[in-house]
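K.L.:
These are the residues of each chain, in order.
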Amino acid sequence: MRSAALTMLTASGLAVSGLLAACGSGGPAVQAQATGGAPVYGGTLTYLEHQPPTCLYLPAAGFYPNGGVLNQLTDKLTWQDPKTLRIEPWIATKWEVNKDATEYTFHLRDGVTFSDGSPLDASAVAANFDVYGLGDTDLKLPPAEFVNNYERSEVIDNRTVRFHFKKPSPGFLQGTSVIGAGLVSKKTISLPYEQQCQLKNVIGSGPFTVAKQVVDKEIDLTARKDYNWAPASSKHQGRAYLDTIKIIVTPEDNVRVGALTSGQADYVRYVQAYDEKTVKDANFKIYAEPTRGVNNGLYLRPGNSILSDLDVRKALQAGTNAKEVVDTLFTPSYPVATSVLSHLAHGYVDLSKELAYDPAKANALLDKAGWARGADGIRAKDGKPLQLGVFVSGPQPLSKQTLELIAQQWTKIGVKLEIRPADAGTQAVDIKNAEKTAIAHSMVGRADEDVIKSHFHSQNRDVILSKDAKLDKLLEEESALADKAARDAKVGEIQRYVVDQGYAIPLFEEPQVYGAAPYVQGVAFEAVARPTFYSVWLSKR
Amino acid sequence: MTRYVLLRVGQAALVLWAAFTAGYVLLQLLPGDSILIKFQNPELGLSPQQIAEIRAYYGGGDPPIIGYLHTLLGFLRGGFGYSIDTGTPVVERLAEALPETAKLATAGFALAVLIAVVLAFAAGYSRTSWLRGALLAVPSLFVSVPAFWLGILLIQVFSFRLGLVPVIGGSPTQQLLLPVLTLAVPISAPIAQVLARGIDQVYTQPFVPVVAAKGASRWWILWRHVARNAMLPALTVAGMTFGELIAGSVVTETVFGRNGIGRLTEQAVNAQDTPVMLAVVVLASTVFVLVNLGVDLLFPVLDPRLKAAA
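The listed protein sequences derive, respectively, from chains P and W.
Using our numbering, the letters of the first sequence correspond one by one to residues 79 to 619.
Using our numbering, the letters of the second sequence correspond one by one to residues 77 to 386.
A couple of the hints might just be wrong.
To be verified - Now the stretches of chain W that chain P is said to cover, found in silico as 3 or more residues with beta-carbon under 8 Å:
# : segment
1 : 110 to 116
2 : 159 to 165
Unchecked claim - Here are the simulated PhoX-like pairs of lysine-lysine, each with C-alpha atoms no more than 25 Å apart in a straight line:
#  : chain 1 : residue 1 : chain 2 : residue 2
3  : P       : K490      : P       : K401
4  : P       : K295      : W       : K290
5  : P       : K478      : P       : K514
6  : P       : K161      : P       : K562
7  : P       : K290      : W       : K179
8  : P       : K324      : W       : K179
9  : P       : K290      : P       : K358
10 : P       : K446      : P       : K245
11 : P       : K278      : P       : K290
Simulated from the structure, these hints should not be mistaken for lab results.
Nothing here was measured: the structure is a model prediction, and the numbers come from that model.
Every residue, glycine too, gets a C-beta built ideally from N, C-alpha and C.
Turn these sequences into a full structure, and let the hints guide you.
P.N.:
The structure is reproduced here in structure tokens:
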């Protein structure tokens with residue numbers, strides 16, 4: 079279940095923003111209405127969630143159970159079309175950005191209210207982003223990962239707000255569309271951290287409001303009848319189709335799937351790879367939504383005394399068979415990685431040649447690096463075995479099985495992978511220790527070029543515990559390029575560099591996998607695969 | 077008698093204090109802490125410096141002995157502090173979880189006792205040796221069934237295949253049926269075993285043929301004479317299975333997605349949420365101590381010989 083809170087959050091944080099999915103579903107705008115006739119209003123959707131939500135402070139919304147709730151309760155300044163990844167108007171009807179991307183001016187829609195009746199105006203938006211950009215020490219509110227270089231807000235008039243940045247921040251526009259940038263009432267945003275963590279205090283302007291909560295078990299959402307400010311490009315306008323959504327926490331994998339196929343639930347999150355067939359065989363639908371960011375993979379830490387040798391890192395890269403991992407443990411919903419980034423990410427470049435499986439090359443590199451095979455087949459140098467530690471990553475699907483399979487592959491090249499079970503405390507302490515945790519198993523989702531910076535920069539997630547000044551510099555250059563083409567090219571350069579340096583062994587493009595009954599129509603997701611229930615409706619069973 | 081009661085109550089208080097202290101020390105010895113686990117979340121992007129400030133705010137910077145006394149004092153006053161994971165007062169979380177688990181545990185325990193008594197009596201009454209053997213083998217089977225597996229099996233069969241009981245939604249009673257059964261089966265086993273063995277032993281006592289010679293029926297002997305004497309060890313075991321009820325509720329509540337002390341414990345352990353874990357330890361010890369105190373005080377009532385000794 080919540081095996082390591084830390085990893086979970088890490089990974090889940092992953093998806094700070096993102097794009098959407100493959101399967102003919104779109105964001106609110108692009109509804110899958112191919113089947114089922116004309117949409118009908120009313121009805122209750124029973125949605126089974128894998129884990130209970132934790133703290134619902136918006137910048138912590140990346141954790142999927144949190145995002146699944148908050149995405150229904152809050153609106154954002156802008157909407158990112160999951161297919162095109164373009165940023166479109168939502169609460170902001172239009173905006174201007176100055177040439178070097180240090181000033182953003184947003185013009186707000188009129189007549190939008192929070193569910194407590196207070197207006198969603200320029201001062202409310204300013205109050206939100208002041209906290210997301212700077213944090214608030216007195217209220218113990220940490221800043222958000224998706225806002226960088228924030229300086230201050232400026233309320234021009236009731237419906238116009240301007241944000242100033244210390245440095246060029248081209249990622250900010252997309253940042254206003256991410257799950258963590260949901261707008262909450264002035265009252266909510268001025269509460270201390272513990273209070274903002276609690277669902278009852280989250281007052282948004284979204285299409286649903288909280289009707290009932292049984293902590294850790296159930297959250298009932300009810301449609302806001304006066305909701306009338308969906309993104310302009312959404313086909314559906316006005317109130318949501320559904321009357322009620324029952325979000326029920328059901329930790330057991332086979333109970334969620336069984337409840338779905340036996341008709342006790344309509345829609346479930348987190349269908350394991352080995353359960354996909356059960357769901358499909360029952361004529362239910364699988365939605366494998368891409369998360370469009372840094373791929374699920376092993377991230378090698380050069381600070382580790384063994385991995386400080388580039389040849390060893392390159393050997394591990396060549397000695398890992400990602401295709402075998404996917405073929406053995408996963409399904410076509412999990413595409414084999416062809417770069418550090420998902421093929422749907424901004425600036426993706428295909429590096430599959432560089433990442434080809436080549437055990438002979440791996441062995442040669444390790445021989446060259448002076449690691450000789452011992453009697454047990456494991457290599458050693460100066461009496462020290464070639465053994466590397468990695469934690470099982472709670473949020474990654476089948477992390478333990480994945481690592482076990484890779485450990486087998488590595489035995490063939492004489493490397494021992496020491497897989498450590500994820501106990502949250504030990505992990506929290508050791509994860510920052512390259513000697514004990516030589517390798518991190520993780521991923522991050524966000525549909526912006528900055529996702530690669532989030533993952534690798536020494537001041538962000540710093541998954542490889544980087545001391546590589548060149549990498550940091552490349553990442554900073556990327557995040558400050560105002561021109562999209564130049565920025566994408568820089569992202570390509572970074573992917574190449576990370577692979578060349580053997581910092582990453584990408585495995586697969588991690589999706590979020592949902593299952594839904596055939597009568598659930600209009601299934602849609604935001605750009606990093608969190609469900610949007612606004613356009614969902616139920617056709618006849 | 078008063079002295080006996082006072083002595084037992086004093087012992088109970090001592091056990092509680094020891095449980096609290098052991099719990100506190102062990103939780104402090106764990107690597108990492110909930111603040112690190114929670115705030116190292118990369119989405120929040122906090123520096124180690126900022127995390128240290130947050131820790132200081134939660135009182136994590138105090139010397140261990142001060143922290144211990146502070147917490148102990150809080151517990152004595154009935155304040156368990158705040159859950160670090162969710163930011164809610166621990167008392168609130170317990171108040172939400174406790175009634176759910178109490179329902180589950182009470183019903184599960186009652187059913188377990190019923191199953192145990194029926195099994196032991198049937199075995200004790202039966203004269204067919206293969207049937208007796210079969211009945212006596214049931215507890216061994218029950219005790220070896222993992223609650224986890226049993227719960228999933230019951231859901232698959234009764235809910236998903238036969239559609240008799242919904243697992244999602246459903247009335248509160250419907251929601252209780254399968255979890256109660258899941259919890260009761262493994263707990264009934266030790267009680268049934270001890271009761272059946274007790275009945276066997278009492279049957280070998282000289283007074284049994286005497287009663288039979290006086291013309292008592294087999295049922296009367298079993299019910300009135302044998303069972304009554306075989307009851308004491310079973311009662312002790314029943315008191316001790318309480319610990320299993322709590323352990324069992326962790327699994328049962330997770331499988332069935334019920335909120336309760338078990339789920340709360342599981343989540344608190346995963347997040348290393350010390351205030352919640354400590355409160356659960358103390359709560360569990362309290363109930364454990366009370367149940368055993370109750371059992372001890374019941375003994376003299378059931379067996380007059382103990383009354384004299386006390």
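K.L.:
Now, for every hint given, state plainly whether the structure supports it.
P.N.:
Status of each hint after checking the structure:
1. 110 to 116: Coverage by chain P holds here, the residue count being 5 at a Cβ distance below 8 Å.
2. 159 to 165: holds (count 4)
3. K490(P) <-> K401(P): holds, 16 Å
4. K295(P) <-> K290(W): Violated: K295(P) and K290(W) sit about 60 Å apart, past 25 Å.
5. K478(P) <-> K514(P): holds, 18 Å
6. K161(P) <-> K562(P): holds, 17 Å
7. K290(P) <-> K179(W): holds, 22 Å
8. K324(P) <-> K179(W): OK: K324(P) and K179(W) at ~24 Å, within 25 Å.
9. K290(P) <-> K358(P): violated, 32 Å
10. K446(P) <-> K245(P): It is violated: about 45 Å lies between the C-alpha atoms, which goes past 25 Å.
11. K278(P) <-> K290(P): Holds - the C-alpha atoms of K290(P) and K278(P) are around 9 Å apart, at most 25 Å.
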